[in-house]
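Assemble chain B onto chain A, guided by the hints.
As you go down the protein sequences, you meet chains A and B in turn. Each step along the first sequence adds one to the number in the working numbering, with nothing skipped, and position 158 is 158. Each step along the second sequence adds one to the number in the working numbering, with nothing skipped, and position 56 is 1056.
Please note that the accuracy of each hint is not assured.
In the DMTMM-like style, the derived pairs of lysine to aspartate or glutamate whose C-alpha atoms are separated by at most 20 angstroms in a straight line are [said to hold, decoys possible]:
(1) LYS1033/B - GLU64/A
(2) LYS1060/B - GLU64/A
(3) LYS27/A - GLU48/A
(4) LYS103/A - GLU1032/B
(5) LYS174/A - GLU63/A
(6) LYS1071/B - GLU64/A
(7) LYS113/A - GLU48/A
(8) LYS1033/B - GLU63/A
(9) LYS1102/B - GLU1086/B
(10) LYS1071/B - GLU78/A
(11) LYS1040/B - GLU178/A
(12) LYS92/A - ASP1072/B
(13) LYS92/A - GLU54/A
(14) LYS1060/B - GLU63/A
(15) LYS103/A - GLU1009/B
(16) LYS38/A - GLU18/A
(17) LYS1071/B - GLU63/A
(18) LYS1040/B - GLU64/A
(19) LYS1033/B - GLU74/A
(20) LYS1040/B - GLU63/A
(21) LYS38/A - GLU64/A
(22) LYS1056/B - GLU18/A
(23) LYS1060/B - GLU95/A
(24) LYS1040/B - GLU1030/B
(25) LYS58/A - GLU1055/B
(26) LYS1040/B - GLU95/A
(27) LYS1071/B - GLU45/A
(28) LYS1102/B - ASP1072/B
(29) LYS73/A - GLU1086/B
(30) LYS73/A - GLU1030/B
Among chain B residues calculated to face chain A with C-beta under 8 angstroms, some are [to be verified]:
(31) ALA1010
(32) PHE1012
(33) PRO1021
(34) GLY1024
(35) MET1028
(36) LEU1041
(37) SER1042
(38) GLY1044
(39) TYR1047
(40) ARG1070
Calculated from the structure, these hints are not laboratory results. Source: prediction; values computed, not measured. For every residue, glycine included, the Cβ atom is placed at its ideal position computed from N, Cα and C.
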Amino acid sequence: MKKTIFRLYYVWQWEQEEQWLNDMSQKGWQLAHATIGKYNFVSGESNEYTYRLELLDKKLKSEESTSYLHFLKETGIEMVGKCKSWIYLRSKTTEGGFEPNNKTLYNLTHLLKVQELTNKIRNILITMIAMAICTLLILESFGSSHVTEFLRGFCTGLSFSASIFSVIMIPFTKKSNEKIKKTIKELYTCE
Amino acid sequence: MNENIVLTEAVFYTLLALHAPLHGYGIMQETEKMSNGRLKLSAGTLYGVLSTMLEKGWIKALPGEEESRRKDYQITEQGKTIVRGEMARLEELVSNGQKIIK
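The following block holds chain A by itself, in its conformation from the complex:
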């Protein structure tokens, strides 16, 4: 039996996503393929596989990533899905070898990678807003025509939506920063 589920998780919700995949595995639904928001499951034994989400350092096609994935394959870990440099890995639950030896350090690395990604998105948004405002200012010196009116509307819309998106991101960035601080503290006490 097969089933496809459409679901959207944001980058910072990787723990929930991973938990969900493992819950599905417990119910006997094994992930066979995953891309953005789309998950294909095949019915199998309950808890047959354990799933893990990872964010690669380099692009998926790069030599480093290829050699990493090859290394994982040797130890019985296979990649079942990808979405940019996010990868979905699974390993037979009985074989283990999946649980990171230092979970706190692992989480910290992951959090930092996610932070890097959100920073990148934020920078793009800021650049977009700045460019839109510059264009609006330049347009001031031109007369009114269909083209300038269109551009005005477009730039206003763009800067407006980019601003809203940046504001929405604030609480998530804050939460992620707090999590990073907490994890570092935890790391000190257990080291």
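Chain B alone, transformed into the frame defined by chain A:
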């Protein structure tokens, strides 16, 4: 070289396992055997450990067979020096512990 290097368990056992040429999965099995099943290295951890040690020159990658693409690794002289240094440090910890807390 920094004299005060503290090795993690994963690094220490990997260096021990590599006294003879061994591949990734072999290191995981060997480590588990040596520690009587206590230390199970995860593939992700081991991969990180191996790349760091290759960079530092503590281990070397042996030319593998073309077809299998499976890489074997082995400890270098520098790696052995690191292990000896760590053993001396651990001995100091244990002997001081025994002197004070019996």
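Structure-based check of all given hints:
Note on LYS1033/B and GLU64/A: the hinted pairing is violated, with a Cα-Cα distance of about 29 angstroms set against a maximum of 20 angstroms. Taking the CA atoms of LYS1060/B and GLU64/A, the gap is near 17 angstroms; set against the 20 angstroms cutoff, the hint holds. Distance check on the hinted pair: LYS27/A and GLU48/A sit about 10 angstroms apart at the alpha-carbon level, within 20 angstroms; holds. Between the alpha carbons of LYS103/A and GLU1032/B the distance comes to roughly 18 angstroms, so the proposed pair stays at or under 20 angstroms and holds.
Pair hint LYS174/A plus GLU63/A does not hold up; C-alpha atoms about 34 angstroms apart against a cutoff of 20 angstroms. Distance check on the hinted pair: LYS1071/B and GLU64/A sit about 14 angstroms apart at the alpha-carbon level, within 20 angstroms; holds. Of the supplied pair hints, the one linking LYS113/A and GLU48/A is violated, its CA atoms being roughly 29 angstroms apart against a limit of 20 angstroms. For the hint pairing LYS1033/B with GLU63/A, the CA-to-CA distance comes to about 32 angstroms; that exceeds 20 angstroms, so the pair is violated.
For the hint pairing LYS1102/B with GLU1086/B, the CA-to-CA distance comes to about 23 angstroms; that exceeds 20 angstroms, so the pair is violated. Pair hint LYS1071/B plus GLU78/A holds up; C-alpha atoms about 18 angstroms apart against a cutoff of 20 angstroms. Taken as a hint, the LYS1040/B and GLU178/A pair is broken in the structure, with Cα atoms around 31 angstroms apart against an allowance of 20 angstroms. At most 20 angstroms may separate the alpha-carbon atoms for a hinted pair to count; LYS92/A and ASP1072/B exceed this at roughly 24 angstroms.
With a C-alpha separation of about 17 angstroms, the suggested pairing of LYS92/A with GLU54/A holds against the 20 angstroms cut-off. Distance hint between LYS1060/B and GLU63/A is fulfilled; the C-alpha atoms sit about 19 angstroms from each other, no more than 20 angstroms. Distance restraint check for LYS103/A and GLU1009/B: the Cα-Cα separation of roughly 14 angstroms lies within the 20 angstroms cut-off, and the hinted pair is therefore satisfied. Taking the CA atoms of LYS38/A and GLU18/A, the gap is near 14 angstroms; set against the 20 angstroms cutoff, the hint holds.
Proximity of LYS1071/B to GLU63/A is assessed by CA-CA distance (about 15 angstroms); at most 20 angstroms being required, the pair is judged to hold. As the CA atoms of LYS1040/B and GLU64/A are separated by approximately 24 angstroms, the hinted pair breaks the 20 angstroms bound. Distance hint between LYS1033/B and GLU74/A is fulfilled; the C-alpha atoms sit about 19 angstroms from each other, no more than 20 angstroms. The hinted pair formed by LYS1040/B and GLU63/A fails the criterion: a straight-line CA distance of about 27 angstroms is larger than 20 angstroms.
Pair hint LYS38/A plus GLU64/A does not hold up; C-alpha atoms about 27 angstroms apart against a cutoff of 20 angstroms. Taking the CA atoms of LYS1056/B and GLU18/A, the gap is about 34 angstroms. The hint is violated against a cut of 20 angstroms. Pair hint LYS1060/B plus GLU95/A does not hold up; C-alpha atoms about 28 angstroms apart against a cutoff of 20 angstroms. For the hint pairing LYS1040/B with GLU1030/B, the CA-to-CA distance comes to about 10 angstroms; that is within 20 angstroms, so the pair holds.
A C-alpha spacing of about 18 angstroms is found between LYS58/A and GLU1055/B, which places the hinted pair at or below 20 angstroms, so the restraint holds. For the hint linking LYS1040/B to GLU95/A, the alpha-carbon distance of about 11 angstroms falls within 20 angstroms, and the restraint holds. Annotation: proposed proximity of LYS1071/B to GLU45/A is violated, straight-line Cα distance about 33 angstroms (limit 20 angstroms). Proximity of LYS1102/B to ASP1072/B is assessed by CA-CA distance (about 43 angstroms); at most 20 angstroms being required, the pair is judged violated.
With a CA separation close to 32 angstroms, the supplied pair LYS73/A and GLU1086/B exceeds the 20 angstroms bound. This hinted pair checks out: LYS73/A and GLU1030/B have alpha carbons roughly 18 angstroms apart, not beyond 20 angstroms. Proximity of ALA1010/B to chain A holds as hinted, the smallest CB-CB distance being about 6 angstroms (cut-off 8 angstroms). Annotation: PHE1012/B was flagged as interfacial toward chain A, and the flag is violated, the nearest CB pair being 12 angstroms apart, outside 8 angstroms.
Violation of the interface hint for PRO1021/B is found here, the shortest Cβ-Cβ separation to chain A being roughly 15 angstroms, above the 8 angstroms cut-off. Taking 8 angstroms as the C-beta cut-off, the interface hint given for GLY1024/B holds, the closest approach to chain A being about 6 angstroms. Contact between MET1028/B and chain A, as hinted, is supported at the beta carbon level, the nearest pair being about 6 angstroms apart and thus within 8 angstroms. Taking 8 angstroms as the C-beta cut-off, the interface hint given for LEU1041/B holds, the closest approach to chain A being about 6 angstroms.
The interface hint given for SER1042/B is met, as the beta carbon of that residue sits about 5 angstroms from the closest beta carbon of chain A, less than 8 angstroms. Interface hint status for GLY1044/B: upheld, as the beta-carbon distance to the closest one in chain A is roughly 6 angstroms, under 8 angstroms. For TYR1047/B, the shortest C-beta to C-beta distance to chain A is roughly 5 angstroms, which falls under 8 angstroms, so the interface hint holds. At its closest, the beta carbon of ARG1070/B sits 6 angstroms from a beta carbon of chain A; the interface hint therefore holds under the 8 angstroms criterion.
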